[in-house]
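Could you slot chain B with the ligands onto chain A? The hints should help.
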Amino acid sequence: MMSKVLLSIEDLKVHFTSYEGTAKIINGVNIHLNEGEVISIVGESGCGKSVTVRSILGLVPTPPAKYVGGEILFENRNILKFTKDEMQKMRGQDISMIFQDPMTALNPVFTIGEQLMDVYMWKGKKRNILSRVNKKLKQEAYSRAIEVLEKMRIPDPTAIMKRYPVELSGGMRQRIVIAMALMHTPKLLIADEPGTALDVSVQDQILIELKRLVKEEGISMIFITHNLGVARIISDRVYVMYAGEVVEEGDAKTIFEESYHPYTNGLLASIPKLDGSMGDGIDGRIPNFLNPPVGCRFYDRCTERKSVCKDTRPDLINLLNKRKVACHLYSEGRN
Amino acid sequence: MKEFLIKRTLQMIPVLLGLSILIFGLSRIMPGDSIRLKLGPEATAEQIEAFEDSMGLNDPIVIQYVNYIKGVFTGDMGLSLQTDRNVATDIVETFPATFELMLVAMFLAILIGVPLGVISGVKKDKWQDHLTRVVSLSGIALPKFWIAIILQIIFAYWFSLLPVVGRGNIVPTEITGLRLLDSLLTLNFEAFINNLKHIILPSIALSIATMAQIMRLTRSNMLDELHKDYIVASTSYGLPKFMIVYKYMLKNAFASTLTIIGLSFGALLGNAFLVEAVFGWPGMAQYGVQAVIYKDYNAIVGVTLVIGIVFAVTNLIVDILYGFIDPRIKYDK
Ligand SMILES: Nc1ncnc2c1ncn2[C@@H]1O[C@H](COP(=O)(O)OP(=O)(O)OP(=O)(O)O)[C@@H](O)[C@H]1O
Ligand code: SF4
Ligand SMILES: [Mg+2]
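Residue numbers (this note's numbering), protein chains in the order written: chain A, 1 to 335; chain B, 1001 to 1333.
Derived from the structure by calculation, the hints contain no laboratory data. One should not assume that every hint holds.
[What the hints assert, rightly or not] Calculated cross-link-like contacts (lysine-lysine; reagent style BS3-like; alpha-carbon spacing at most 27 Å):
1. A:K138 - B:K1241
2. A:K123 - A:K84
3. B:K1123 - A:K125
4. B:K1241 - A:K125
5. A:K125 - A:K187
6. A:K135 - B:K1251
7. A:K151 - A:K187
8. B:K1251 - A:K126
9. B:K1228 - A:K162
10. A:K13 - B:K1228
11. B:K1124 - A:K84
12. A:K162 - A:K123
13. A:K84 - A:K24
14. A:K81 - A:K123
15. A:K123 - B:K1124
16. A:K324 - A:K215
17. A:K24 - B:K1124
18. B:K1241 - B:K1124
19. A:K187 - A:K126
20. A:K211 - A:K151
[Stated by the list, open to error] Where chain A lies over chain B, by a calculated footprint (3+ residues, C-beta under 8 Å):
21. 1249–1258
22. 1319–1327
Quick caveat: nothing in here was measured; it's all calculated off a predicted structure. The beta carbon of each residue, even a glycine, is placed where N, CA and C say it ideally should be.
Next up, chain A with everything else stripped away, as it sits in the complex:
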């Protein structure tokens, strides 16, 4: 079974410049996504998940960011080379994004309806002070907004359209934030830790709906989360990131049963156990990006390190069974 590759991030390198120096944040990331597939990216805070996925939509401000290497191919076109117009056409239409915090992702001074309808009517278009929309487009926008709200199982959508964000609960707002991203049924949906600000039961409900929706509409999705349990339920494949690099990649079902990279092992061990005891965390912190280790970026914290790890960066190699690992403990095709 060969499915078509929709997106592939190839050897992406992103640096951030500040007065302190150059932070080499994203250091050769490789991620790909097939049509109709859902992948997760997991990894601790600050490892570069958001920078990676925001790069896909050109949302990382340059400066301070600088794209020093690699490509992001969407349907075989390099997004990093897009003109402003091409970028605006692609956003919302081909690829769109769900923002993490429903409390801040909606504009507080416009009604839900106005925000949804604007996305329908104005996406990818030019606008100046004289631009007007005709009645027909407006009606279309209105019915599409209602339709999407209904898809998100929002009760009484006509009333919600007239509400301001401040008048709605967090869960409701998160559904609307998702609706915004779905207005044009994108081919790729990026969800950067949606709902982590909400309480767990609401969050679960929303995730279930999200998963149902992307499958129904045939949308591919990149899902970012801290929560390994969520990653396992929602996705087909998982990428584990550490300090701006992908350290392990594999099937969602198997990766959590048998992980190879010492960092992934540590992550799994740090999950609280069913018997209530806290898991063992990984000692130490993410390395300094201004002066990262030349070899394996996990070297300082790794309990299984070898002398070769200090100076030689491990490549991401294929193990058996669709699994890839970047670690000197393993060699190509083995295990």
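Chain B with the ligands in isolation, oriented as in the chain A frame:
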């Protein structure tokens, strides 16, 4: 909303009462002998006494105050020593001129200050930003009267484009006392042009400081908006940049600018007297300054009360507008 209006209007009463007591008291204990000044060096002690009696100045101050307030409700704000007329008459005559000047100045300040602030915020650290910041800093730093005189020299003397002084010589039928408005209401376009020409320079001179302030505030509010989640989100939905800046960012940024607009409307009154002096503008600010210099009791109190009312009403209007712009503000408090 209705309740809010009533409540806020009622709240203005104690404020204005307090203001009137304060200013009334102050005017009576101010040093200087204006009655002698008015009656001239030949006046006898009896004449002065008689005049003071006629104005009630020898009554206990509480009685004086009560009489004054009673008078105000019948349109009698006491005699002005400068003009020998009812202060109310003087105010009705001079206030519209000042008010019109302030309105036009504020209109210009917003019309120019807001877009400049937006541009310099969006083009941060580009030449547009540097230019507007230099201009606004000068606007705040340079003395108003100096700006006024420079404007006169350039536009009136050198290029003879606009009149040097005065409020215009074609007077439209009076409805509101605001001549631009009156001439539009009566379709008297000749008067409109004439009065417009006269008001341009003084209103520019008056508006510059406020314009600069509005610009700086809008700029910093826009910069705050730039990195808000919902703005990054709008970008990710593929909305046009123009729309994001002038609709989604500006409405948020303007909400905070609005508060300053209410406060600077009061400051405009303070600056107005300088501008009125330079441009020979027959307004209330000049009248008020004269009143202070001559210790014209009733005029001082009258002018201060009017200023207080203008200030209170503007801030009420600003609060109402704020509620329209930002739904997070509720009127029920
Ligand atoms: N605009 C920026 N300027 C400078 N540094 C930045 C910027 N955006 C991100 N970074 C840096 O890039 C690194 C990765 O950040 P990123 O937001 O991608 O982490 P993350 O994996 O999404 O973390 P979290 O789980 O907390 O969301 C961090 O060290 C952060 O400080
Ligand atoms: S490469 Fe070496 S240091 Fe890095 S994770 Fe593997 S064993 Fe540890
Ligand atoms: Mg993040």
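Evaluated hints:
1. Of the pairs offered as hints, the one joining K138 (chain A) and K1241 (chain B) holds, with about 20 Å between alpha carbons and a cut-off of 27 Å not exceeded.
2. Distance check on the hinted pair: K123 (chain A) and K84 (chain A) sit about 13 Å apart at the alpha-carbon level, within 27 Å; holds.
3. Of the pairs offered as hints, the one joining K1123 (chain B) and K125 (chain A) holds, with about 22 Å between alpha carbons and a cut-off of 27 Å not exceeded.
4. Distance restraint check for K1241 (chain B) and K125 (chain A): the Cα-Cα separation of roughly 10 Å lies within the 27 Å cut-off, and the hinted pair is therefore satisfied.
5. Taking the CA atoms of K125 (chain A) and K187 (chain A), the gap is about 19 Å. The hint holds against a cut of 27 Å.
6. About 24 Å separates the Cα atoms of K135 (chain A) and K1251 (chain B), which keeps this hinted pair within 27 Å; it holds.
7. Distance hint between K151 (chain A) and K187 (chain A) is fulfilled; the C-alpha atoms sit about 17 Å from each other, no more than 27 Å.
8. Simply put, K1251 (chain B) and K126 (chain A) have alpha-carbon atoms about 20 Å apart, close enough for the 27 Å limit, and the pair holds.
9. Restraint check: the Cα-Cα separation between K1228 (chain B) and K162 (chain A) comes to about 23 Å, which is no more than 27 Å; the hinted pair holds.
10. With a C-alpha separation of about 26 Å, the suggested pairing of K13 (chain A) with K1228 (chain B) holds against the 27 Å cut-off.
11. Note on K1124 (chain B) and K84 (chain A): the hinted pairing holds, with a Cα-Cα distance of about 19 Å set against a maximum of 27 Å.
12. With a C-alpha separation of about 21 Å, the suggested pairing of K162 (chain A) with K123 (chain A) holds against the 27 Å cut-off.
13. Under the criterion of a C-alpha separation no larger than 27 Å, the hint pairing K84 (chain A) with K24 (chain A) is consistent with the structure, at around 25 Å.
14. Between K81 (chain A) and K123 (chain A), the direct Cα distance comes to roughly 20 Å. Compliance with the 27 Å bound is thereby established for this hinted pair.
15. At roughly 25 Å between alpha-carbon atoms, K123 (chain A) and K1124 (chain B) fall within 27 Å of each other, so this suggested pair holds.
16. A distance of roughly 26 Å separates the Cα atoms of K324 (chain A) and K215 (chain A); the hinted pair therefore holds under the 27 Å criterion.
17. At most 27 Å may separate the alpha-carbon atoms for a hinted pair to count; K24 (chain A) and K1124 (chain B) meet this at roughly 26 Å.
18. Restraint check for K1241 (chain B) and K1124 (chain B): the C-alpha separation of about 15 Å stays at or below 27 Å, so the hint holds.
19. Pair hint K187 (chain A) plus K126 (chain A) holds up; C-alpha atoms about 23 Å apart against a cutoff of 27 Å.
20. The suggested pairing of K211 (chain A) with K151 (chain A) holds, with an alpha-carbon distance near 12 Å, which does not exceed 27 Å.
21. As drawn, the stretch 1249–1258 of chain B meets chain A at 3 residues by the rule of a beta-carbon pair under 8 Å; at three or more, the given contact holds.
22. As drawn, the stretch 1319–1327 of chain B meets chain A at 3 residues by the rule of a beta-carbon pair under 8 Å; at three or more, the given contact holds.
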